[in-house]
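Asks: Here the protein sequences line up with chains A, B and C, keeping their order.
Heads up, the first sequence is in the working numbering, so the first residue is 30 and it goes up one at a time.
Heads up, the second sequence is in the working numbering, so the first residue is 51 and it goes up one at a time.
Heads up, the third sequence is in the working numbering, so the first residue is 2 and it goes up one at a time.
Think of the hints as simulated: they come from the structure by calculation, not from any bench.
A hint or two may mislead.
Below 27 Å or equal to it, Euclidean Cα-Cα: the simulated DSSO-like pairs (lysine-lysine) are [claimed, not checked]:
#  : chain 1 : residue 1 : chain 2 : residue 2
1  : B       : Lys191    : C       : Lys236
2  : C       : Lys196    : B       : Lys309
3  : C       : Lys237    : B       : Lys309
4  : B       : Lys309    : C       : Lys86
5  : B       : Lys383    : C       : Lys238
6  : C       : Lys31     : B       : Lys309
7  : B       : Lys383    : C       : Lys49
8  : B       : Lys383    : C       : Lys300
9  : B       : Lys309    : C       : Lys329
10 : C       : Lys62     : C       : Lys31
11 : B       : Lys191    : C       : Lys202
12 : B       : Lys309    : C       : Lys323
13 : B       : Lys191    : C       : Lys323
14 : B       : Lys383    : C       : Lys196
15 : C       : Lys49     : B       : Lys309
These numbers were taken from a predicted model, which means no experiment stands behind them.
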Amino acid sequence: MPGVSIRGLHKRYGDVAAVDGLDLDVKPGELVALLGPSGCGKTTTLRVVAGFLSPDSGEVWVGDRCLSSPATVIPPERRRMGMIFQSYALWPHMTVAQNVGYGLRFSKDGRRGVPRTERDGKVTEMLRVVQLAGYEQRYPGELSGGQQQRVAVARALVVEPEILLLDEPLSNLDASLREEMRFEIRRLHETFGITTLYVTHDQSEAMVISDRVAVLDQGRVAQIGTAEELFERPRTRFVAEFIGKTNLIEGTAERSDTFVRGALRLRVFDANLTPGPVVLSIRPHQIALGPASLAPPTSGGENVLRATVLRASYLGDAVDYQVQLDGGDLVLRVAGPVTRRFRPGDAVALTVLQCSAVRL
Amino acid sequence: MARELTVTVRPRPSRLEGLDRSAPVWIIAAAALLLLMLLPLGWLGYLSVSGEGGLTLAHYARVFTDARLQNALWNTVVLAFWSALLSLAIGAPMAWLTARTDLPGKRVIRGLVMASFVTPPFLGAFAWVMLAGPNAGYLNKLYRGLTGAETPLLNIFTMPGLIFVVALYTFPYAYIMIVNTLELIASDLEEAASILGASRLWVAVTITLPMVLPAILSGFILSVLQALALFGSPAILALPAGFHTITTQIWALFQYPPKVEMAAAFSVPLLLATALLLFLQKKLLGRRGYAAVGGKGGQRRQIALGPWRQPALLACLAVMACAIFLPYGILAKAAFSRAWAQPLTWDNVTLGNWSFTFLSISTQTAIVNTLELGVLTACVGAGLATLLAYITNRRLIVGHQLLAFLALAPVVIPGVVLAVGLFIAYTRPPFLLYGTLWILFLAYLTKEMPVGYSQSDATFRGIHPELEEAGRILGAGRLRVLGEITAPLARSGIIATWCFIFIGVIRELSASILLFTPNTKVMSVVIFDLKEEGQFGAIAVLGLFMLAVTFLAVVLMQTLLGRDVLGARPSGGSG
Amino acid sequence: MRKLLVLSVLAAFFGAAPACAQDARVEAAKKEGKVVWYTSLALTSSEKVAKLFETAYPGIKVEVQRTGSQRILQRVMQELQANIKNVDVIHTSDAGHYVLLKEKKLLMKHTPAGVDRFPPSFKDKDGYHYGLRATVNVIAYNTKAVSPAEAPRTWKDLLDPKWKGKLVTAHPGYSGVIATHVLALVHLHGWDYFKQLAQSKPMLVQSAVDPSGVVASGERPVAVNGGDYTFYQIKKKGNPVEIVFPKEGVPLVISPTAIAAFAPHPNAAKLFTDFIFSREVQQVLADTEGLYTGHPEVKYPADRPKLSELKLLLVDPEELEKRNEEIKTRFVEFFGA
């Protein structure tokens, strides 16, 4: 099982650089999600890997084969990859069995097509795996969205690809089905262990499905890591902002663990700041909210701040507060429990449980 | 995993390995198109400036000083302008009535507009000779019989008569442009104005009209282009009245001894004029992002005509009577009459026209030639157009934009001009095709390429590229994907393209008239020849036969497309 | 093959050939299978002649290509330029064409059997072309629209302003019959005649056949020219048409036929040419088509004037050839198209 290695990839459309110096290594058997807002270059990257686009510069390697370079692009049909498309791309004029069995006929470099006699068995088996046994003779038009999705998955997996590519495969499904399919795709990945690139703009989807997430910004990888790493220790302002809600405060690092902004002083846990301007990221749920009486009257203890509630929105499982820090114009978002509620105008004490800082 | 080990270590693929094996197919298709367009036009341009002693502008000087040629030029301008204006006057209200109001029988009206769209204009002109010839014309006789008047009601052999007949078969172009735009404008846009207090008329003037204006102007330009390129109608109506248009004049320059250089020099201004007009039309449509008027979500509510419903319907039917009922009726009468101008009494009824037409060897040959050419051109044309549209849609080769331009370019080439170019190009080495069906085939292929291309283009736009990519990634090469996935999906679109081209070919006159030889006559040319001999009955029979074949193709196409011909983009096919 | 050729030459030489030689000629023609005939004879008439030939010689097809005389010349020339050898027998109504074709060495010498007894005006002195048929240009009118009393009697009568918008003329740029007619009347009355005629805005049609149809339908009540046979035919079909032979004389148009020097089916061409000059075919032309011919034994219908009773206006083919361009140009100048 080979991994994928993308080195210094550049791809321009006219004046716009869609991919601008992207490096990425996917380990054998790993599932990496490419996450980013629209226009960040994630789909372009995937299509270069698939061989539908040729790079302006940079290379794509799979194991020890260089598949794409500006000079030569191995056509998609000889890449031994599987792909699941946003639109599923099921052929409406073929039955489910014909769709799934299509790729079995071809020999790809170093690999024979599956003999006719074995094809049916493979198709049936794969349909069973995706829980569509008995649907062989249906046409795609006769299936529900979720079933079509499963056919697309079966079609990509049955050829036993070395690399699996998924291009926003769940974006056409409704919310509940999407949830279900996330786990389904994860289950299949654990079953087959195929090296996988997964493009999505939905961060929770990326976090559920992937081993690692690569956050793309303006054609580059801004940060790659596990969901936890990205969430807890974003390395750029963009990543901090893009992954989950957060409060960003610009200020200065005074020491390796102390953040200062005017009268505000905060201790940053397990950080190793170099003195200079930084951006501090505090997630709303990393702030504990208590009555003002709990706070020391003046400057208070470590990371405890006094504030006034501006607005409180009841969300069912939490309350979303906007609070203004006393003695300043800073407004923070805080997630509080529904059990202890505050009203606008209430004086409160904030305890910053954890925060991270990114150098500007 | 074991398989992995058998793969030899190849750090970088060779150039050959990366090469798309389908590339030659695209390149050949592109080269074919290039040759098809550039050879005749190149020769046309060259011959128009070549004299015995090298390059000369003498031919152009003569074109612009010869009073006869200037007259032809002026007549053409008058004809094109007024017939386009009349087309608009007919097409625009009818488009509004059928798109936005509760006019009864809208489907029927639309169907009749379509019938007028596919009727060969020269057949219409010919029928109108029988209807409105000043003395023998059926309508004039009726008028004189009713009123006792001496003078005819209508004289079709005049410039206004010609304008009238041309407009009858050109107005569908204006109609299509406008109706398709009106159907895009959501009622919300108008209602938004109403809610702000605008009256109905004010809404029409300030909201609807500006949004339709580009379509109206572009419908006007399309109609002008049609009228400029027509050969049959002026030949039938203008020549007996003693005046020429550019197309008939070019044709006359081809009579013995042929003045090909003059014809070429006369063709070039016509070509430039049509190119300029088309450019203008594109500009108009491109501005203000008007194509996005409505979006798909908007609803269109019908405007109640109230007491005007019946009069509006009558007006539409009156137009259709002129374009369809009366001409088809008189053709049917002539087909079964010994003498078309006499009443259809038992003495006058005959099947002789039918037996004469279908037993005559020259007509038989022409029918066979026409159908052969129709099928051949439609097959090759649909194939080539499909490939070209595929190349440009999937951006397969460098310069695909140029290909799209070239495929659409013949819209600006009037049939007569194209024929002059082809005549020059293929009567000399290296391609000696004159006298064979191949030169006609090339003419039709070139002429029908824009229709075929835009039709195929629409087809491919409807096929999601991911359907093909899914096949590629599973291991199928591009050509295999084209054959096994794209082609089956595009099938009904391709067959519709086929029908479009077929219809265009079997009615083609303006290029054929310069390119036929006695062995390679086609139906339209035979009709024209019979006209010169005054064989009205035989013309009527052949004309009805041609219409029957046309409508057969139309029905086939509609069944396949699930919509009528008018929904499609109009293009420059004409007789 | 060579033997056949010799035989056929012999057969031609001896005129009334012995039966076996005749058979050999037919065999040679049959091998060629068809004969291509470019003809200006009206389509119905020429197809009738073709059918007669095909019945007489089964196995040899006649490919009739009927169009106007000028178009025929144009086609022949264009085809030659493109190196297409298609036509076997060329038949137009413009005697000038044969002067030109002979000059360019495009005709094959062939004397059809039995033409030696034709009048001299039907024969080329060098033996390249012979008059297949003749017609005279006449005036015709629709009897429902015009009474015999007010009908024109002479060519000059047509200049009367009362005919404005009522006339129809065929075109010398299309029809050889009309080109001959125009030249004859130019000799008689000068170009001024046509200039004045154009004042009446006659309807322009192409073929010399067409005026008969226009007059019969009543679209224009008076034809200022046209082959008398076309009017005769349409009158016989029961149309209200009357023919006038103007007193100043009627232009005689003799329509020659010849075999192309490059004929792809020379034997069939000769057989066909001999056939159309036979008494039977010439009689058919006279009977059903109302044409005049050079054959001395042909009997004409009783309702037709004899050629000898008419005052004929003759035109010199050489002059017709020389002035061809002038005729067309001036006609267009006066009549507009």
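Asks: Of the numbered hints stated earlier in the document, which are not met by this structure?
Replies: 3, 6, 8, 13, 14, 15
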